[in-house]
Amino acid sequence: MTKELKFESPTFMQRIKGMLGVDFYRLFHTPLFYIFLCIAAIIPAMVSCLTMMPDANGNTMEPLYSNVWQIIAASEPLYVIRTIADYANMNMVFIFGGIMVSIFIGHDYKSGYVKQLFTTHAKKQGYMISKTLVCAFAMACMCITYFIGGTIGGLIAGYETTVNVGSLIIAILGKIIMSLGWASLYTLLNIIFRRYFGISIASSFFFGTGILIIGAAAVVENLSIPTGFLNIFLYGASVNACLVSNVGTLIICIVVSVAWTCLYNFLGTKILSRSDVY
Amino acid sequence: MNAVEIKNLSKNFGSKQAVCGLDMTVPMGAIYGFIGENGSGKSTTEKMICGLIPTSGGSIKLYGKDYTDEAVRSKIGVLIESPGCFPGLTVWDNMMIQAANLNIPDAEREVVKVLKTVRMEGAAGNKFKNCSLGMKQRVGIAMALLGNPTLLVLDEPLNGLDADGMRIMREVFLDVVSDGKRSIIVSSHLLGELQKVATHYGIIRHGKMICEMTADELDASCRTYVALKTGEMNRSKMLLGCKYSRVEEDEAGYIRVYDLITPEEIVSYLYENGICVTEIMTDKIGLEEYYIDLMKGGK
Chain A
1 MTKELKFESP
11 TFMQRIKGML
21 GVDFYRLFHT
31 PLFYIFLCIA
41 AIIPAMVSCL
51 TMMPDANGNT
61 MEPLYSNVWQ
71 IIAASEPLYV
81 IRTIADYANM
91 NMVFIFGGIM
101 VSIFIGHDYK
111 SGYVKQLFTT
121 HAKKQGYMIS
131 KTLVCAFAMA
141 CMCITYFIGG
151 TIGGLIAGYE
161 TTVNVGSLII
171 AILGKIIMSL
181 GWASLYTLLN
191 IIFRRYFGIS
201 IASSFFFGTG
211 ILIIGAAAVV
221 ENLSIPTGFL
231 NIFLYGASVN
241 ACLVSNVGTL
251 IICIVVSVAW
261 TCLYNFLGTK
271 ILSRSDVY
Chain B
1001 MNAVEIKNLS
1011 KNFGSKQAVC
1021 GLDMTVPMGA
1031 IYGFIGENGS
1041 GKSTTEKMIC
1051 GLIPTSGGSI
1061 KLYGKDYTDE
1071 AVRSKIGVLI
1081 ESPGCFPGLT
1091 VWDNMMIQAA
1101 NLNIPDAERE
1111 VVKVLKTVRM
1121 EGAAGNKFKN
1131 CSLGMKQRVG
1141 IAMALLGNPT
1151 LLVLDEPLNG
1161 LDADGMRIMR
1171 EVFLDVVSDG
1181 KRSIIVSSHL
1191 LGELQKVATH
1201 YGIIRHGKMI
1211 CEMTADELDA
1221 SCRTYVALKT
1231 GEMNRSKMLL
1241 GCKYSRVEED
1251 EAGYIRVYDL
1261 ITPEEIVSYL
1271 YENGICVTEI
1281 MTDKIGLEEY
1291 YIDLMKGGK
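Quick note, the sequences are listed as chains A and B, same order. Sequential numbering from 1 applies to the first sequence in the numbering used here. Sequential numbering from 1001 applies to the second sequence in the numbering used here.
Read the hints as simulated data drawn from the structure, not as lab findings. Computed from a predicted model, the values in this text were never measured in an experiment. Hints may be right or wrong, so weigh each one.
[Claimed, not checked] For lysine-lysine, the following DSBU-like pairs were computed, each having C-alpha atoms within a straight-line distance of at most 35 Å:
#1 A:K123 - B:K1229
#2 A:K123 - B:K1007
#3 B:K1129 - A:K270
#4 B:K1075 - A:K17
#5 A:K123 - B:K1113
#6 A:K123 - B:K1284
#7 A:K124 - B:K1016
#8 B:K1229 - B:K1284
#9 B:K1296 - A:K123
#10 A:K110 - B:K1136
#11 A:K123 - B:K1065
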């Protein structure tokens, strides 16, 4: 006697669970994630310490920072950068993260594994959600290792440690929350440029540096327009999470991050649904 | 109900029509040999069946449901172009990833089972990038088999397999369809191997299905021939060529006479001309020759 064939539609949760299972397994079983965690820890430590190292004549550079926590978040929202110190803070994680996401998603296509995924998962939404969540998790972890590396580096360099602890925690939380929005942006970019690995990485790097917003901020500043509206963008909200942050800053980060995530996921799903899988 | 039922399927890539008006029927329990030249539209059709590329027109039904139906799609096992494994991960990790993708509850047991099926249990710890071509193909098939799929879509699964690998694949294919419900679509250029297992055939050319038939129908339509060797091959070939409409020399050095004749008739004809036949037999052309004939328009 032959057995009857049964076809059961997976629920939304089953779909997401399957996709998350794949992505988390890959994340924890490949060196990529651990390498980027190390990079995120080493870079701030080096930036803090190197400026304190004497040159051949025994002279040291002018210290980039005066406070340990400035490598974590800027003293105030600085949309327009004037020195490297204005720029070099936890926002750099979003640049490293962009490259990591490009490699992570690029391997899906390069290996041909997307064929397995998209054969069994008719709906593409799960792919976008899963990639966004897993990459956001990876970037959040990088924020933590960045914090550890930056703190150790700052302490070694001998910067002062006074800080409003509440604002510092909000700034870190804000940047961790912004990881979600950045991850969704990078996922979208990598879906758009899925056939061109190099362009995927370049585009992630380009957007991650926040050049567009820095440029916009310069224009806005020259026009004497309040720069606060730049907070509606991912880079703006990320910069806004600084050492003078308050609960309002956190709310802005949550709203901006979630809103952009929804938009990018929607666009990514549409693009995936209409495009060929190679 | 058929496993796959395709009507008037088409796919355009810009101005290029890769598949045009293709009809295809894969019955339940069939091993469907999907044959065609390079660029004939086989892979494109298979990708459309799997939902990997959107169709430009026509319909695809899988077990009576539209091919976009999630329920039926979740029961497709696929090996198209590459096994879809991450090269830096081990075979085991790749299998576990696919098990996670399919939400298989007892993943480890299931992975061990399919690796045993394709005789790869000993190589589970090898990195995928270090596997040989044949091993990679086996892993690809093992991935396709995970989750007990209802429909297997395999594009060139026999490439790179050694004789033992081919035999294992034949056993796997026959086992999959043994319940009479599950089906396999397998495209391959190794027609001799395909003929050993296929129950149905579809031959595609320039994006169109030019012929669909069962293995029995193929057998019935394959021409018989008499193959022989004589002491004077060149003269024999010339004499037979004058008398019969199609006479060829095959790769093994036999003269083949394709007309509906008996060996006795040929032996006596050559004997009358002073030629002694040393070997003679009757046989049928295989799928490969049938296909070549069809492509030449010779059938």
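For each hint, the structure was consulted:
{"no.": "1", "hint": "A:K123 - B:K1229", "result": "violated (62 Å)"}
{"no.": "2", "hint": "A:K123 - B:K1007", "result": "holds (23 Å)"}
{"no.": "3", "hint": "B:K1129 - A:K270", "result": "holds (33 Å)"}
{"no.": "4", "hint": "B:K1075 - A:K17", "result": "holds (17 Å)"}
{"no.": "5", "hint": "A:K123 - B:K1113", "result": "holds (29 Å)"}
{"no.": "6", "hint": "A:K123 - B:K1284", "result": "violated (48 Å)"}
{"no.": "7", "hint": "A:K124 - B:K1016", "result": "holds (27 Å)"}
{"no.": "8", "hint": "B:K1229 - B:K1284", "result": "holds (17 Å)"}
{"no.": "9", "hint": "B:K1296 - A:K123", "result": "violated (43 Å)"}
{"no.": "10", "hint": "A:K110 - B:K1136", "result": "holds (16 Å)"}
{"no.": "11", "hint": "A:K123 - B:K1065", "result": "holds (16 Å)"}
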